[in-house]
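Engineer: Chains as they are written, first to last, in our numbering: chain A, 1 to 279; chain B, 1 to 697; chain C, 1 to 305.
No lab work stands behind these hints, which were simulated from the structure alone.
One or more of the hints may lead you astray.
[Said to hold, decoys possible] Below, in silico cross-link-like pairs of lysine to any residue (SDA-like), each with a Cα-Cα straight-line distance of 20 Å or less:
(1) K120/B x L298/C
(2) K120/B x V204/C
(3) K27/B x D11/B
(4) K214/C x E69/B
(5) K7/C x T107/A
(6) K214/C x V115/B
(7) K120/B x G220/C
(8) K658/B x N432/B
(9) K214/C x S95/B
(10) K7/C x K52/A
(11) K159/C x Q234/A
(12) K159/C x S242/A
(13) K276/B x N548/B
(14) K120/B x K159/C
(15) K7/C x Q234/A
(16) K447/B x N432/B
(17) K120/B x I215/C
(18) K214/C x L66/B
(19) K214/C x K386/B
(20) K7/C x S242/A
(21) K447/B x R465/B
[Stated by the list, open to error] Derived contacts from chain A toward chain B, CB cut-off under 10 Å, selection only:
(22) D31
(23) R165
(24) G175
(25) E232
Just so it is clear, CB atoms sit at the ideal spot from N, CA and C, and this is done for glycine as well.
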Amino acid sequence: MTFDLSRIVAVSLLAIMILFMVLTPLMPFYDPYGQNLAGSLVPMGESSFDGKFYLLGTDTLGRDILSRLALAGQVSALIGLGAVAVSLVVGVFLGLVAGYFRGPVETLIMGLADLQLSIPRVLLLIAVSAIIGPSVTNLAILLGLTSWVAYGRVARGMALSLREREFVLSARTQGATAAWNIRKHLLPNVLPQMLIVGSYEFGQIVVMEASLSYLGLGVQPPLPSWGMMVSEGQSYLALAPSLAILPSIALFILVAGLQFLSQAFTSEGEVAGVSERSK
Amino acid sequence: MSTPMATADTDIVLSVRNLSIEVPGAKGPVRLVDDVSFDVRQNEVFGIVGESGSGKSLTMLAVLGLLAEPLKIVSGSIKLRGRELTSLSFEQMRSIRGKTMAIVFQDPMTTLNPVLRIGKQIGEAVRLHNPGMSSRQVRDRVIELLQLVGIPNPEKRYSQYPNEFSGGMRQRVVIAIAMANEPDLLIADEPTTALDVTIQAQVMSVLAEVRERTKAAMVLITHDLGLVAETADRMAVMYGGRIMETSPAKTLFSNPNHPYTAGLIASLPRVDREVKELYSIPGFVPDLANRPRGCVFHPRCAMSNGRIPCREEKPLLHALRDDSAVACHFSEETAAWRQAQEKAVQIVDREQIDERDVLAPILKVDNLTKDFQIGVGLLRSSQQLKALRNISFEIPKGRTLGLVGESGCGKSTLARVLLRLLDASGGDVYLNGEPFMNLRGTRLRAKRRDLQVVFQDPYSSLDPRMTIHEVIGEPLRIHGRYDPQRIDELLAHVGLTPDAGRRRPPEFSGGQRQRIAIARALALNPDVLILDEAVSALDVSIQAQIINLLKKLQEELGLTYVFISHDLSVVRHISDEVAVMYLGRIVEHGAVREVFESPAHPYTQALLSSIPRPDASEGEGRIVLEGDLPNPLSPPSGCSFRTRCFRAVEECARAEPKLEPRTGIDHLSACLFPGKPSYVLADMVGEAAGHAERTNV
Amino acid sequence: MTTFLIKRVLQSMLTVLGVITAAFFLVRLAGDPAVLNLSAEASGEDIARVREALGLDRPMIIQYFDFIWNVLRGDFGVSLRQNVSAMSLVLERVPATLELALTSFVLGLGLAFILGIIMRMTGSRFVRQLIMWIALGRQAIPIFSFGLVMILIFSVWLKWLPSLGRGTLSHLILPALTLGTYELALYLRLFNASLATEQRQDYVRTAYAKGQGKIQVLLGHMLPNALLPLVTVAGINLGLLLGGTVVTETVFSWPGVGRLIVQSVSQRDFPVIIAGVFLISLMFVVINLIVDVLYGLLDPRVRMV
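Just chain A, with the same shape it has in the complex (with noise of 0.2 Å):
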């Protein structure tokens, strides 16, 4: 794999992702919520009865596709950072700890992640949002909380090797602390590898909250969601299409963006995202 290619692609897909998302809200025509009876199911590019033009057309209930698919955007984008930072902080710090310290605390630690691994994320989510309900706070706080796993088996996996490298031995024998060391010496070497593991994760949690979207159990109306959109759009897909492959397109744009962003930094050997099994 050649990875300027793929770094010339994932900025070039993400690039366009953001640009569309901050730009359309700027149009004079950006309107996500206003129904337009006189316009339901206006194909693209086409305009309504009652004059309005379109340039990705309507829906149902006669909304500006255009506009929801860029306030979706920003909606999904938004969960995703909050899940990612929320995970990555504490997949960080668990997996520094136990990889660090060993023993009962690294069993206990690890012991979690395995029981987490054991539930789908899917369901976990599914059962969770089903009883707690949805928002896009709870949304963001609970991925993130399912998805510290993948860091901390990276962040423990790291930790074991550098906790027995010699300049960590070293500052141990001239007085440091624990949380000097995983301060000064873990945390600043294992970090660029977690940023890797989040630019993927990133991706892996835009999917994940679209899945529950169409499942009916993320985002929730009237704030539009790409994967809501999809799920509107299978009753028309024979009538049409574009209601449910605009929004599929969008998220593939940005997934895949992400997904090539962290594959451009990884070696041949390695893949993103994916951890060995602790043991």
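Place chains B and C on chain A using the hints.
Structural biologist: Here is chains B and C on its own, set in the frame of chain A:
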């Protein structure tokens, strides 16, 4: 280019002519092997010595047609028994590889496939070049090969996996694979570098035996001058991708022609003699992307003095008398330089240290033990591994104690326990007269300042994300005593300039990093420095620089060293006293000269005898210990060395001999029959061979 | 090996206990089962009576052990909507889910294996990169999007295959393809990465030095080593596969456990949700145990323990 080797052509197995290998670099191709020519003749051992980056391994990989992707042969010819190899494809080479020529790689732990049975791996080599053989015949041949390389119980071993073999045993398996088709040419690429010295002796003798049987020619690639001088018939010295000189191996040490060779020999600590100071070749291994003009060695050469031919003109290999050739414009001056150098480092006043004996010990270790619990005790009882058993010694201020032993003897565990990186299971350590083992928390952290460490691996000893300034400043910051001026001072101490502080570890070579690690260890003004294999990972010429630096610092700062190493020659050079460890115990302890010149314990004797000696006279016997280190989980009863000892009798199984003065007041040993001089032992080797037990872990 | 086995089985049992505990807390989180069991107009007295009948007035710890006991008997209570045991509802859907999951798993792993070998054997850099880019691209498409595109092409436009339901083999094709290719992308990346790692190992050089050819070395030496990490990671990522069934089943109206769970969510039928989640987790733990035992059989280094 004319070549000096003029023998009957029919004798020549391998002939390499003007071989050059390049790799693409940022600023155009980088030449890693440059215009190399040599011949290997029937039934001879041809040694290629060089430090890392000399191109010695690449040359032989090219011969095998195994150069990895971006590397390319750009010119030259390789002929095996007269057949040109460079024009053959990978597929065409297959019928030659493993059949006409074979290779033994360096690290036996990784050269075997971990998930395939040993028998299958050897069998592959047999079957591949003998497609007609039945599986029965292949199996018989494999068993025969296992016997040939001295693996006991070949029938049982046949179906085992590599992880059931010790390092030495694995290397025997690798040799068996190489010898499967009785090749004409055997290439041994650092075959013993990853092994302990007593195992090295075993493997070298196996190699000699199989070669004797098949009359194969052998190319021995190594960084070890002693090994090549002892084993090879002829040899080439490589540096910066070029051959510096070729000569009969026997005369290498006595009569080097190239100043690089002479410099290497002068920088090598020797187990059989003492010098005041090692010569150290200045500078670093050349960056081949910016290959020096003229002679590749001239920037580091002691004789060049910037003379114009050295700077401008590549010296070609030209023939001298008695089958030697040298690539130096002024090789006739080498002998004189050498004499002057040897004279300069000769020890004149032999006794100068005894006056300091009255000093109180600065580090006192009393009955230190360390046990590890192996196996989680959920379902079966956990086993106890006694890693350190009753270690006691004292070191007076300003002295060096050398700790030697092979892997698994506990020397690194001892370092970690002393440093409080591991908790001791028993015993005491007094640092400056104060107990050190029972300190906790803040008091421990404060006291740690007095005892610092330099580790082995220069690539893992510095945090790659810090600048050198931050690295050296870290101990100061931990103790809230940060002072930028102190850091510059420390850099100066180890021979670096203050601007080095702004750079990061990846920009430095191994030797420089070790200097930085030393500077960091000195930051807190310690009394005692533990040097845990601190020079073992370095090339000979760089190793001498660091050893000299350590000696200089000791004199200037009055430091006390615990010098841990597997390399007896280095230990002899740097230490005042030496302790020899085996299976977690000190088996001999005494003044350096006493231990090296009249070793009391048979293990020490065997260790010393295993070191390849370049100028060993013919017929001088060697003690080759049989078998491997016993499983430390179930050590032998009585003396733990008895299973490999050539002097063991029944009595040895009864009780462990105490470490006590047996051959002199200050010369302690733990053997019931200490101190027969080694020349007597030479005769005993034969009879010992029969009764030493093989224990394979 | 026996020690390893016993250890692994104990570990799995501990995991199951953990899952049960998680389920217990989820049940509590769902709210007072007494309230959930009754209609909105129930009086406080009614609630108290039901609480007593359900044993909800007892100490938490007793309820917890009670819960474990019930779970072990497969009793997750009665469906709030259908008045039959929640577990029986879930169990009757299990074959459908297994059919889908196993077909996709075999499809994904098998294709990944073949493509991985092709990638290593082809001399063409272009082919290698093309396969890798497609795999990465496929992984970036969520299951529901991919499924809908499949339906659009093969059911709506070409009218070759049914778009929903279960029954004939033709019903299975689209869902299995959707889920299987998602898995394929992941496994192919893993397999390729582990082959790339193995290629750099010293034993590969040894094998070449014996005179072996590229195919012999790939199949005889690298493959047995590269399969090991693939097996473990495939085991761990089975969670993704099982999670994927939930979405796939919804897209294609496949009558499996996942679809049942999603339907129960909209009906707020908590016993069914929890029984479903528990059962899928149990499947995951059991399959992982099998994978680990397999791993032990493949790797002599583990077998010795």
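Engineer: For each hint, tell me whether it holds in the structure or not.
Structural biologist: Verification of the supplied hints:
1. With a C-alpha separation of about 16 Å, the suggested pairing of K120/B with L298/C holds against the 20 Å cut-off.
2. Between K120/B and V204/C the CA atoms are separated by roughly 15 Å; this keeps the pair inside 20 Å, and the hint holds.
3. For the suggested pair K27/B and D11/B, the alpha carbons sit about 43 Å apart, so the restraint of at most 20 Å is broken.
4. Restraint check for K214/C and E69/B: satisfied, since their Cα atoms lie roughly 14 Å apart, inside the 20 Å limit.
5. Between the alpha carbons of K7/C and T107/A the distance comes to roughly 14 Å, so the proposed pair stays at or under 20 Å and holds.
6. For the given pair, K214/C sits about 19 Å from V115/B by alpha-carbon distance, which is consistent with the 20 Å threshold.
7. Between the alpha carbons of K120/B and G220/C the distance comes to roughly 11 Å, so the proposed pair stays at or under 20 Å and holds.
8. With a CA separation close to 27 Å, the supplied pair K658/B and N432/B exceeds the 20 Å bound.
9. For the suggested pair K214/C and S95/B, the alpha carbons sit about 13 Å apart, so the restraint of at most 20 Å is met.
10. At roughly 68 Å between alpha-carbon atoms, K7/C and K52/A are farther apart than 20 Å, so this suggested pair is violated.
11. At most 20 Å may separate the alpha-carbon atoms for a hinted pair to count; K159/C and Q234/A meet this at roughly 17 Å.
12. This hinted pair checks out: K159/C and S242/A have alpha carbons roughly 19 Å apart, not beyond 20 Å.
13. A C-alpha spacing of about 10 Å is found between K276/B and N548/B, which places the hinted pair at or below 20 Å, so the restraint holds.
14. With a C-alpha separation of about 55 Å, the suggested pairing of K120/B with K159/C is violated against the 20 Å cut-off.
15. Restraint check: the Cα-Cα separation between K7/C and Q234/A comes to about 48 Å, which exceeds 20 Å; the hinted pair is violated.
16. A C-alpha spacing of about 10 Å is found between K447/B and N432/B, which places the hinted pair at or below 20 Å, so the restraint holds.
17. At most 20 Å may separate the alpha-carbon atoms for a hinted pair to count; K120/B and I215/C meet this at roughly 17 Å.
18. This hinted pair checks out: K214/C and L66/B have alpha carbons roughly 12 Å apart, not beyond 20 Å.
19. A distance of roughly 47 Å separates the Cα atoms of K214/C and K386/B; the hinted pair therefore is violated under the 20 Å criterion.
20. In summary, the hint linking K7/C to S242/A is not supported, as the alpha carbons are separated by about 53 Å, beyond the 20 Å threshold.
21. The hinted pair formed by K447/B and R465/B fails the criterion: a straight-line CA distance of about 28 Å is larger than 20 Å.
22. The beta carbon of D31/A comes no nearer than 49 Å to any beta carbon in chain B, farther than 10 Å, and the hint placing it at the interface is violated.
23. At a threshold of 10 Å, the smallest CB-CB gap from R165/A to chain B is about 5 Å, leaving the interface hint in force.
24. At about 4 Å, the closest approach between the beta carbon of G175/A and any beta carbon in chain B falls short of 10 Å, and the interface hint on this residue holds.
25. Against a cut-off of 10 Å between C-beta atoms, the interface hint on E232/A is violated, since the closest Cβ of chain B lies about 49 Å away.
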